[in-house]
Amino acid sequence: MKGRSLKGFILSNIVPIIFLVFAALAIPISGLSYRYLFQEIITRLSRDTFLVLALLVPVLAGMGLNFGMVLGAMAGQIGLMLAVDWGVVGIPGLLVAALIGTPISVLLGFLCGYIMNKAKGREMVTSYILGFFMNGAYQFVVLYCMGGIFPIKSPQLLLSRGYGVRNALSLAGIRGALDSLVSMEIHGLSIPVATFIVILAFCLFLILFEKTKLGQDMRAVGQDMVVADGAGIPVERTRIVAIIISTILACYGQIIFLQNIGTINTYNSHEQTGIFAIAALLVGGATASKANIVNVFVGVLLFHLMFVISPTAGKNLIGDAQLGEYFRVFVSYGIIAIALLLHALERRRVRIARMKMENESVV
Amino acid sequence: MICLSVFKRRMFIRTVLVIVLILFGVFLVFIGKQHIVVFANEEVYQDGKIFPALTKVRIKIGEETFELEPGDRVSVEVVGLKNAFLIETLADGVVDKSITFPLSLKLERMVIISLPLVVAGSSNVTITE
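Protein chains in written order, with numbering that gives the first Met the number 0: chain A, 0 to 362; chain B, 0 to 128.
Among the clues, some could well be false.
[What the hints assert, rightly or not] No more than 30 Å apart at the CA atoms, straight line, and that leaves these computed lysine-lysine pairs for DSSO-like:
1. A/Lys152 / B/Lys81
2. A/Lys289 / A/Lys117
3. B/Lys59 / B/Lys105
4. B/Lys96 / B/Lys81
5. B/Lys105 / A/Lys152
6. B/Lys7 / A/Lys212
7. B/Lys81 / B/Lys105
8. A/Lys6 / A/Lys289
9. B/Lys7 / A/Lys210
10. B/Lys48 / B/Lys7
11. B/Lys48 / B/Lys59
12. A/Lys119 / A/Lys210
[What the hints assert, rightly or not] Where chain A lies over chain B, by a calculated footprint (3+ residues, C-beta under 8 Å):
13. 12 to 24
14. 27 to 33
Think of the hints as simulated: they come from the structure by calculation, not from any bench.
The beta carbon of each residue, even a glycine, is placed where N, CA and C say it ideally should be.
Can you build the whole structure from these sequences, using the hints too?
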């Protein structure tokens with residue numbers, strides 16, 4: 000019994016265990032000091048956790064991993080661009096960016112949710128492709144409309160031709176605004192307390208949200224849409240709300256992420272947001288149908304630990320940092336592929352089991 | 000009838016919420032706006048009078064201190080609607096006159112302040128180029 004439960008535990012947490020073992024082997028090889036590693040992990044936890052948390056609501060609503068969160072990231076970036084153009088700095092700058100990003104996120108989230116309702120059962124691939132489509136729309140707005148149709152005054156933002164935003168923007172006035180609002184130093188480690196308070200407040204919000212009627216509706220929809228519909232829950236509306244919430248939170252997550260980084264890569268920053276956040280969540284032991292806050296923290300920790308140690312470990316082991324990086328990329332994307340495959344197999348198994356039950360009841 | 004009143008009440012609450020958020024955004028823009036303030040210690044002509052550049056002047060802004068000779072300029076970045084600067088004129092290395100200069104800003108990106116006009120107590124101390 001005991002052996003079986005241990006086996007069950009290992010099997011259900013195989014992904015984080017693989018990463019943990021790999022990290023345990025790679026840390027000594029990398030030769031990086033523990034203080035450096037701790038500092039990096041603290042920084043990356045504060046930077047990325049909010050983005051990964053944004054994925055939990057759609058999973059609760061049974062919509063899988065929201066690759067469409069890049070839409071929220073785009074909205075956050077547009078908010079930051081306008082805050083920079085208007086010269087608003089510090090915490091007010093972040094809040095202005097969030098205020099601008101929110102209606103854009105709501106609109107994009109509604110669009111995403113509406114399309115996902117038309118593609119039930121294929122939400123992940125739909126949102127993934129929708130992200131590419133909206134990337135084109137984003138580039139059109141940022142590259143042609145800003146400075147032309149939408150007034151942009153700051154020459155630091157505009158391309159020399161007079162319209163379109165530059166490839167890289169400095170967030171000098173906003174950089175570290177939240178991180179340094181309340182920070183403390185423990186044993187030489189700088190801890191951005193304010194950012195962690197925001198993250199913990201959001202975790203609390205998620206816990207409380209699951210207990211609200213909307214949260215319960217989402218859970219019901221996530222378990223079985225037909226049953227939820229029969230129980231009088233507006234399934235499509237609930238799903239749209241889940242995606243809108245996720246998109247808004249992705250917008251805020253991207254703002255927190257970029258205030259930590261300090262620069263916006265206008266045309267690329269948002270592109271990898273979804274993939275990295277999803278990979279981190281899956282590394283934390285989540286699946287496309289089940290994820291919780293613990294998965295988020297474990298995932299961000301392990302995934303970003305790999306980011307830090309892989310190049311150095313690869314360099315020390317083989318003499319080429321790039322090889323370590325290749326290995327990390329291979330493992331990260333491989334994890335996503337395996338998780339999606341397991342999800343598809345599980346759905347197939349459930350479908351077959353349901354068909355069998357229906358046939359038996361008919362007989 | 001009941002549905003309509005619920006709809007109206009919901010719309011009213013949403014409209015009020017949107018207005019409050021817009022006003023909050025405007026408030027944030029005002030309090031978080033970064034301005035460039037240029038202090039110019041240069042001869043200036045105003046209302047038919049010539050105000051010569053000050054021999055030596057010291058400006059204190061928070062932790063920073065700047066000393067300006069005639070013809071010098073210094074630019075500082077400040078945030079928010081109201082800021083105060085301590086301006087001291089120096090004679091033989093000793094503080095001759097000390098003025099706390101309050102500066103109210105709105106949405107200007109940059110203002111140029113003439114130090115001779117500040118020291119002379121002029122009501123309009125900004126200059127344009």
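Evaluation of the provided hints:
no. : hint                : result
1   : A/Lys152 / B/Lys81  : 24 Å, holds
2   : A/Lys289 / A/Lys117 : 23 Å, holds
3   : B/Lys59 / B/Lys105  : 22 Å, holds
4   : B/Lys96 / B/Lys81   : 23 Å, holds
5   : B/Lys105 / A/Lys152 : 17 Å, holds
6   : B/Lys7 / A/Lys212   : 23 Å, holds
7   : B/Lys81 / B/Lys105  : 9 Å, holds
8   : A/Lys6 / A/Lys289   : 20 Å, holds
9   : B/Lys7 / A/Lys210   : 28 Å, holds
10  : B/Lys48 / B/Lys7    : 64 Å, violated
11  : B/Lys48 / B/Lys59   : 28 Å, holds
12  : A/Lys119 / A/Lys210 : 25 Å, holds
13  : 12 to 24            : holds (count 3)
14  : 27 to 33            : holds (count 6)
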